[in-house]
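Undergrad: Listed here are the chains, written in short residue letters.
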Amino acid sequence: MTGTLAAGATALASIGSSAAGLPAPPVAQVTAIEASLFVFVVLTALFTALARDVLAAVIIFGAYSLGMAALYTFYRAPDVAMTEAAISAGVTTVLLLLTLAKTTRRQHEAAFESVNLPAAGAVGLLFGGLLLTMGDIPAVGSRDAPIWSNPDVTQWYIAETYAETHVENAVMAVLAAFRGFDTFGEAVVVFAAGIAALIVLRREVFA
Amino acid sequence: MSGSDDDGFDRDRPPRTGGRLDSDRRQGTPYTESQVIMPTVKIVAPFAFTYGLFVTFHGGSSPGGGFQGGAIVAAVVFMIAFAFGIEATRQWLANTVVVGLAVGGALVFAGIGLVPVALGGAFLQYELLPIPDPVKYGMEGVEILGIGTIVAGVLMGLFFVLANGFSDAGGFADADAFADETGGPGTDDPDQDSTDDPTGEDGPTGEDDPTDEAGSADAGAPGTAATDGGERR
Amino acid sequence: MSLADATLAAGYTLGDFLLVAAAGFAVLAVGMLYRAVVGPTMQDRVLAVNVFGTNTVVILAILGAALDEPTFLDIALVYALLNFLMAIAISKFTVERGGVL
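Sequence order for the protein chains is A, B and C.
FYI, the numbering for the first sequence is 1 to 207, going by UniProt numbering.
FYI, the numbering for the second sequence is 1 to 233, going by UniProt numbering.
FYI, the numbering for the third sequence is 1 to 101, going by UniProt numbering.
No lab work stands behind these hints, which were simulated from the structure alone.
Don't take every hint at face value.
Which bits of chain B does chain A cover? Going by a derived footprint, with three or more residues having C-beta under 8 angstroms, they are [stated by the list, open to error]:
{"hint": "1", "stretch": "116 to 129"}
{"hint": "2", "stretch": "142 to 149"}
{"hint": "3", "stretch": "158 to 165"}
Ideal Cβ positions, reconstructed from N, Cα and C, are used throughout, including at glycine.
Okay, chain A solo, but in the shape it has when bound (with noise of 0.2 angstroms):
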């Protein structure tokens, strides 16, 4: 477990450890791992959308959520990999089979929905005037990104984070102590969506 904590939680703080010579992330070209976990998780996006019978689009978000956690993880983003798989294996696949079973099932001849031309064609048209913007967008990793080149904020938390909170996981310590009110915001918009969440099914009670 040494070992673990030398190495630092996140791609944040085992960069900081080694701030003076940092080897260049290896960017700039999509690797294989990459390109075949984004042909996943479209893939598996896609026929969430499209499939017909709803139950079946739950078992495949399932599986969008695993390709994504994978993805995140190759990112160096391991809060956000453990976040995605806590919350999507483990909460919301859950929470929406329990929907499921309140409501009834239509019998369904085709395994897909069928495409409104029109609705297609204008998310196309959005969807491709973002694309446009994508190469205006630094490359993950890349040392010119603006959130990396700014000394005075990203890297500012990278180097000080273990001095100023002697907590080794700067993610955890960017959320609980430099924005820490906002996450108090955050926690408190949970709580309410419980209470949300009573008041729409009409009861007073959780148990």
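For chain A, the structure is supplied; the task is to place chains B and C on it using the hints.
TA: This is chains B and C only, laid out in the frame that chain A set:
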């Protein structure tokens, strides 16, 4: 279909008495499908729970934190509920625990934030906390006792609320008044109670019916169900 | 200098080979998608998602070794535990469509 425990649906409405969650007494007549799931969950759940606590408590030094750990802990409860039945788990995990987790977490978070204010600082100014290494342990306290408990409690609560569905037993005490205001759910909104009791013996057959009309035709009087719920709670 | 940086052959390190292996597993996941999408029964889909989960655990473990990030194993553990929950949830749901939950 809902309400009293003596209507023959012992499996669906286990008695509130004690005993192990997996005992015959709490389970009623177990259905044969769970003979694989129940022992497996018995083995896996302690490890998953421990791992959830690890993710929560070790969030400062490895990936994770209160949010992820709380979600895993809640997922353990989901696991137990799926293995041993949601109603049995509902009886086992009292409402006080769920609400206590959520409310306690929010209060602890706010409390940790307000202590520095009382000492003349700013909200969540950890340096002023009267404990050793205040920044680190203040953050850990917020993550573990604040966010982790809120997320675990709320997710468990969402699970139980969604499992109960709409206007089932345990609804508002004045559900009848609410029904009157909305013109009576039985006449205007026949769909809402057609599936409100999935544990009833006749519920699944109604749900399996391909047409909506047949699914809602066998619905009992919703007003009665709501009244039962108020009394039962 | 970790084990992943050891040169194996032709200038490629062990980490490179592990990454290729992980990519291979990701390609397999795309192939398995056929079973999840086509079905034809829900049990097929449950099985497919379970295989996805196991596959993801393997990918995460390989990535952890290849990129020399032991903490990736934490995520793999989360998936191993929660993939089981997803499997039993969907399987029990398919019995009478949630009637026995």
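Undergrad: Indicate, hint by hint, whether the structure satisfies it.
TA: Hint by hint, here is what the structure shows:
{"no.": "1", "hint": "116 to 129", "verdict": "holds (count 3)"}
{"no.": "2", "hint": "142 to 149", "verdict": "holds (count 4)"}
{"no.": "3", "hint": "158 to 165", "verdict": "holds (count 8)"}
This entry satisfies every hint, going by the numbered hints stated previously.
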